[in-house]
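Given the coordinates of chain S, work out where chains P and B should sit on it, guided by the hints.
Chains as they are written, first to last, in this note's numbering: chain S, 552 to 1115; chain P, 1239 to 1315; chain B, 43 to 147.
Treat the hints as calculated values from the structure; they're not laboratory data. Everything hinted at is true.
Here are the simulated DMTMM-like pairs of lysine to aspartate or glutamate, each with C-alpha atoms no more than 25 Å apart in a straight line:
#1 S/K945 <-> S/D883
#2 P/K1306 <-> S/E618
#3 B/K85 <-> P/E1281
#4 S/K709 <-> S/E683
#5 S/K730 <-> P/D1310
Footprint (simulated), chain S over chain P, 3 or more residues, beta carbon under 8 Å:
#6 1259-1266
#7 1286-1293
Just so it is clear, CB atoms sit at the ideal spot from N, CA and C, and this is done for glycine as well.
This is what each chain is made of:
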Amino acid sequence: MRVALVGNPNVGKTALINSLTGGNFTVGNFPGVTVEKKEGRALIDGKEVVFIDLPGVYSLQAKSLDEKVTRDFLVKEKPDLIVNVVNASNLERNLYLTLELTDFQIPMILVLNMVDMAERRGIKIDSKRLSEILGVPVVECVANRGLGIEDLKREILKGGKIPKRIGRSFEEKVRIAEKIARDVVVVRRRITLSETLDDVFMDKILGLPVFFTLMWMMFTFTFDVAKPLVDLIDLIFSNLVKLISSNNGLIFEVLASVVKGVGSVLVFLPNITFLFVALSILELSGYMPRAVYLLDSIMSKFKLQGRSIISMIMGFGCNVPAVLATRSIEDDRIRKATVLAIPFMSCSARLPIYVLFTEVFFPKSGNLVIMSLYLLGVSVGLVSALLFRTLIFKGEAEYIIELPHYMLPNLREVLMLTWNRVKHFLEKAGTIIVGMAVLLWFVTSYPSGNVENSYAGLIGKSIQPIFNPMGWDYKLVVALLTGFVAKEVVVETINLLHVNVAGMNPVQALSYIAFASLYIPCLATIAVIRGEMGFKWAIFSVFYTFSVAYLVSLAIIGVGGWLV
Amino acid sequence: MSLTLAGLVCGEKGRVVNIVGGRGAVMKLMAMGIVPGKEVKVEGRRGGAMLISVNGTKFVIGRGLAMKVIVDVGKEG
Amino acid sequence: MVGLIYGILLLLCGILDVLNGNYANSFVSFTISAVFFKGFVVKRESYYVGGAILAFTFGLLSLMVFVSTYLDSFLNGETSAKFSYGIFGLLALPLLLTVKKKYSK
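Next comes chain S alone, as it looks inside the complex (with noise of 0.2 Å):
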């Protein structure tokens, strides 16, 4: 059995299909997480039923991209049932996509969800008289505590009914949806928490420096709480490349380069899960599309809008989520830039890169350092979004993005989206990193035993004269050129072939870093630009941003010799 969830968006959806499944799921709270069609299985009773979760929409007139994904869904692939997610603290504008759901004849059950929060808020549903309206069951539920999913499932076994055909036209629906929440909801508003917190947050002076609070607090979690963390896992693989170093024959030697190379990567596992979880609970939360708003005023200034704002924040974890994420930017031109501007953002795996050089050339001010590369790579995007909206993506646009609730987001839910994206990161180091660590062994011990005849030796002089002006090591060159296939790479290149850091200049240090954050995103970004806007774009990306970091390492190098 086939089940389909649809409903607005931030009506709890992904938490539904979490209790349902008992899974795996990314759970967001503003609009545009959902972006791709998920799948997740669940035994009922011993009947094996296969939900998918459609991208939350306000209407099928397939006029953005997820609208079309959940209109062709539901025509193409007739599942069997709809289960219909509605937000009880909206219930009209919920319901005109119910009634849109009616032309379709499928089986439907509606799910009231988020009761416990339209409670607090005064407003109570008649759930028997909305359920004879649309002739259709009606199950309450508050999805991520997992209240009423039992009932749910129980009427998930019946199979739901064929809704009655409510309205023809567009407008004819607007009004019945109108009319029929006029009749089952009886409403007292009373003041919550969530509506006064705006005046905080949204505050017109006070609501930037918040802002910007809330970043440095996102940074100080990140790298100063995960340390302890870092400094043992380090720990622990030194030990354990000693103790297989002092084996001698050929496997301990690649055995030793393997562990030596995952382990490089995988000490900085702790600062980016400790990231992953600030950045969840930032987005469960409801603050992000606040963010939207503080923050427009500066996008527009680069013909961008809030909404791309929330990509590039999540390019900070990852560049490839931060790309899919920009379908819900409707206008196209938007869309373009920002997509092209996300691969400057700073995304996790480069984070190793900056610790590495920060503790040996500014132990002091680490984290100062290491944020001003994050604003690097912010004002690079923006500068380049401004670029290519003045130049290639022309006009106006338009948008209006909802603002959820406030909620204070669960551990559960938190430490499941966190799980969802460090597994990412784990099945990286499982497979890339070590494959690179072979073939980086492979290609440092042949055809001769030391690294300078090696081919890696051989390859990295015969580019290192592009990098003359800045005069790096060929070997930091031979790290750039395997970062490519993955951020991490680089730090573990340089570990492998004993690169001596500590012997180049701090201004050499600061421009090889902000070339590693700058350079070619990553072949995974690669191919999801290639995937959203055409094969000719990516190969535009690795040229532009290639020729972005080469020309701010230069101006670093140039000024720094200045200064100094």
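Below, chains P and B without anything else, positioned relative to chain S:
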């Protein structure tokens, strides 16, 4: 008195009378609950973006789209 | 009145952090103190709620930083820790609890 939503100042309320513009814009706004007859309140403005509330839901709306919503501020006459 | 007290508290934390050369942390304290002061001036409780959430979070974070940097130095055979006066943000807990009680009934 009718004007566009973009013309309201912070704190001002108005009743939606019409949505002008392409079918796409009209349907998008209406599906989000911005329908003729509804009261809209401007809660803030920042750059090109406006913070509005309709039916107890808050939205951030861009200037371009706000120009397409005609509201009646209900002053005498 | 509450706003004034917490505003001054956070202001002090901020100044002490400046003296310690901890500029980013003092920016956080100053921002939170401004939130409380604004609440006091415009007489709106919502600013106390927001301020309390921010102050408590920041206090918790400063505590975590203190503990983990201490643990970290311990791993490296030293004993030192990063300290921020923001830790006194934890004193916003009573305010946070009163507010929560008030809104959850």
